[in-house]
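*Asks:* Chain by chain, the residues:
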Amino acid sequence: MTQTLLDELLVAARRRARADARITPLRELRREVERLPPARRFEATLRRAERVSLIAEAKRRSPSAGELRSAPGSSAVTDIARGYVAAGAAALSILTEPTRFGGSDDDLVAASRIGVPVLRKDFVVDRFGIWQARALGADAVLLIVRALPGDLLGELIEEAGHAGLDALVEVHDGAELDRALAADATLIGVNARNLATLDVDLEASLPLLERAAQAGATVVAESGIAGPDDVERAAACGADAVLVGTSLLRDSDPAAAARRLVEGAPRRSPPPGLPFLPRAAVKVCGTRTEAGVRAANAADTDFIGFVLDPRSPRSVEVDRATDLMAGAFGPRLVLVFRSPTADEVARALDRTGATGIQLAGFATPPPWLGDLVARIETVIGVLHRPESVRAARAEAEAWIGAGATDLLLEGAPAGAGGGSGGGAPVDIGRRLNRTVPAGIAGGLDPSSVARVVRDVRPALVDAASGLERNGSPDARRVAAFVRNARREPSGADRVSRDGRFGRFGGRFVPETLIPALDDLEAAWAEARRDPAFRAEIERLQREFIGRPTPVFPIPEAALAGRGGRGATIWLKREDLAHTGAHKINNAVGQTLLAKRMGKPRVIAETGAGQHGVATATACALLGLECVVYMGSTDIERQAPNVRRMGLLGAEVRPVVTGNGTLRDALNEALRDWVTNVGDTFYVLGSAAGPHPYPDMVATLQEVIGREARAQMMTAIGRVPDAVIACVGGGSNAIGIMRPFIDSAARLIGVEAGGRGDGLGDNAASLGLGAPGVLHGAFTMLTQDAAGQVVEPHSVSAGLDYPGVGPQLAALAEAGRMEVVRATDADALATTEWLARSCGIIPALESAHAVAAALDMLPALPPDTHLLVNLSGRGDKDLGILEHELPGP
Amino acid sequence: MNGPRRIRDAFTGAHAEGRTALVAYILSGFPTDADALAAAEAALDAGADLLEIGVPFSDPLADGPTIADAGRVALAGGGGLPSATRLVATLRERGRTQPLMVMTYLNPLLAAGEHETLTGLREAGADGLIVPDLPAGASPRFERRAAGLGLGLSFLVAPNTGPSRIEAAIAASTGFVYVVPLFGVTGARDTVAAGAGELIALVRSRAAGRAPVAAGFGLSTAAQVAGLASVADGLIIGSALVAAVRDEGPAAMGRLLRTLATGTSVRPSASARSVRS
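Going down the list, the sequences are from chains X and Y. If you read the first sequence in the numbering used here, its first letter stands for residue 3, the second for the next number, and so on. If you read the second sequence in the numbering used here, its first letter stands for residue 962, the second for the next number, and so on.
What the hints contain is simulated information worked out from the structure, not anything from laboratory work. The C-beta atom is built at its ideal place from N, Cα and C for all residues, glycine as well. There's no promise every hint is true.
Said to hold, decoys possible - Chain X regions said to be covered by chain Y (calculated; three or more residues, Cβ under 8 Å):
hint : stretch
1    : 508 to 516
2    : 611 to 617
3    : 673 to 687
4    : 714 to 727
5    : 813 to 821
Turn these sequences into a full structure, and let the hints guide you.
*Replies:* In structure tokens form, the structure reads like this:
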């Protein structure tokens, strides 16, 4: 690419940025990005790989190579990119430049859904281009040194850090490399193409690769890689990865060409690393009193630190620390030293029995650390105010190599103790955390910690003075600190004012329903603040529904038969709630609201019939007219529930459109509501649909998790290790999970795997679907490439829904909730097993969740506790069970 | 010509001829692509001033049985946004210059990438979009992107829409303002909803000089058309045409539309009103 061509492309890029900014201004882009989960780790993937990585590039054409593929188009580019990934490419590079490369932003959006980190290859000239890259789904952005004069390069590297992106900084010669290093680039691409002649000269680029690697950068060789030999030469000079496009695309089979490069890539020894965890651990430091230990316990913190440095105002004697530690259970215990001798550390460990240490005051890890690490679980190495990201990373990797299990970046210099001022070094932290998981400390307190977590995405947050009131630890401040540190940075944990969880949710409905939803939102907001309304819900929960429902541990003998080694599965017995499922929690709340709003007529949709029965039940109690829409297929397979609704005085209207299942019932209920919006209240059964339904239903179902958390505290003294629930629309899942979002418990959603992973064979909208709009919300859907919603399949009618509640979509995207699948066969077998071994016949829906827990069981160590939402009982499924299970 | 311009010219042109504009809804892919093309041409030949090209969707929650059932037939035959886009392109290839607006639920527009999909529609010759499950203001980016591409948008006003939402719909409608004068889904009805005229008149007075106002949902007879002709800048015929295509074919649908067109004359008193574009 010649200078003239580059200039021309930059002019076009600036023009494009201006035009794009008119469609989405920078501040809107930034707001969109705030709602996204963290970008995938582009640089870390390359840096940590066991072999030299291939970054495979997809583009439609290029100025030097001309038209590259016969059928340029978004789907063609996506297909090529998929082929690369299947062939083993570690990352993708997607050209979005339209004028000379024929690229499109949509190519990037589509490629970002494939699953590996994606680089936006374009001519980014300003902040807008960086935030736009992130909003389009990129994980890294290309910055061309020659295109970014003066301070602009450094500013855009910083800006990429703010946007949560890696910056691949491209250099062509030694002078540009100097500029890149001076701007603290961590990921450097050496382009072997001579800009004056357009010739590619790999040989000439090798010394630059070598110099960049020696400076501590992650290094990518760009251009000029034609085959495995070239990869080897680049690797010998320190390249961590190669970026290849044209030579792959000229091959008649680009994926096969990619595979040859991947298979020929030499092995390498990556720098030492630590695993990235989905969220920050919380350490409460400088604990000196029993009250402080109790506060940390109660707040379910991950670490408690006892400072043994006599120079610190928060230090305690070793004996005192030993006493205090006796009162701690749950959190891991860490002794905090500054510049200690090996002896001091060993003696303190012996006396206290602690299993963790934190070492401050060292520029490099002390040589004696190796002898200690074998006997302790936690070694936190402190990095003191490093001068650059590359320097911090070199120090961090040295600590990890020496045995550190955690890192803590402090604002205080090595000579001074913690708490001696020096705010948290967020500028270093946010970029360091892209490749090395490091914690952060320095003046954090309950009001600042959520912001710092969102900005830096640290592995650990640590506070001491910020948790004190009048010089001693304050239980409320500790609790608030832990809670705020665990806020989901993308907003998946609570609804925003415009009805979103992260980027999911919203209100996409015909105009007629907008006023109705506005009214509902206002009435609900007003009612939930009214103590009398809350008291009435609580009374009915107690006296009518029969709450609290118990938690019940599956007997050990039964679990032993399934490979259990002492782990416990606790069942939250929603099957014991009135009408036999959790649905009644929501139905009672919403019908009370209907009555409060003066709506005499209630409609509902139902799949398995549980929500229909619950609504009919609540309407009978409250004297409301009740119409339930139910698909004709479901009416057949859930006949007992149809009879129950009739007996309760509800009118069941069969829906014969579509496939006669839940989604058709929902469509029909919405049509009814559009027609009768004046006097009708729509009781939606799942935490799905347009705002405010997802939040309202989740709030009404939260009672499940609140009870369970208290019950588990009583039973085992801590939160369970995992909370597991089946996910259709997901009201039982969000109901049990919400009160655990800010806890250390894993959250696991179990989708209906049906009869396989093919489109239409399952109801796995989270695991196998794509984002889209259905029933009023932006969420994950089972749909085809043209955006038509595909009828899902599950043996259980209650999971047979093509969408999912937006909060679960957001929690899954943020990585807070793990998503697994259980098949029809798993659910049926588990139903039978639970019936015979425990005397509990679960609903087929709930059996999916139990099946997933049983699946985990053999790998779990003793004293592990799983909490499973047994959301309903199985009587309604007798017809299906008789048909599907061989008789006795 | 950019989309909003062409859409508004159609209303101005009808007005100059002393009638309300006739907007015909054709469901793409129904019952086949070829029938839909024939129906679209028949509608234009019968005097439709503007075509709405409907896109069948798996979950048409704003549609009544006529269009929902027809949509299932169209989908089974391979219908969807790509087929609707082809229909638009074919009509342009055949020299049709009337405004063509694509009416689709939101999800098909998002699936293949919003930018690429809207660009493709514009390149095929579409002048605008009607997206019933995208309320005005719900996606400023979508609105700006459509504007940038020269695609007009029409937003809906319902009987319970309050003054501020009416204003939002008018402000965001770069095509026409779409008044749905009744509670409920699409589908032919025997009588025009009570208060329909008042609602249309109200919206029209607010939109005067900014956007033409057309009303639809439920119109199926020349008498109904005549009753509203003087109140609205345009009248939209949907389910009745889809039913005619279903029962008797595209040509019969054209004949029905011709009959309905006899009711479009504006009474002199009302023709004094002007619709500026």
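*Asks:* Against the structure, test the hints numbered earlier, and report the numbers of the ones violated in rising order.
*Replies:* Violated hints: 2, 4 and 5; rest satisfied.
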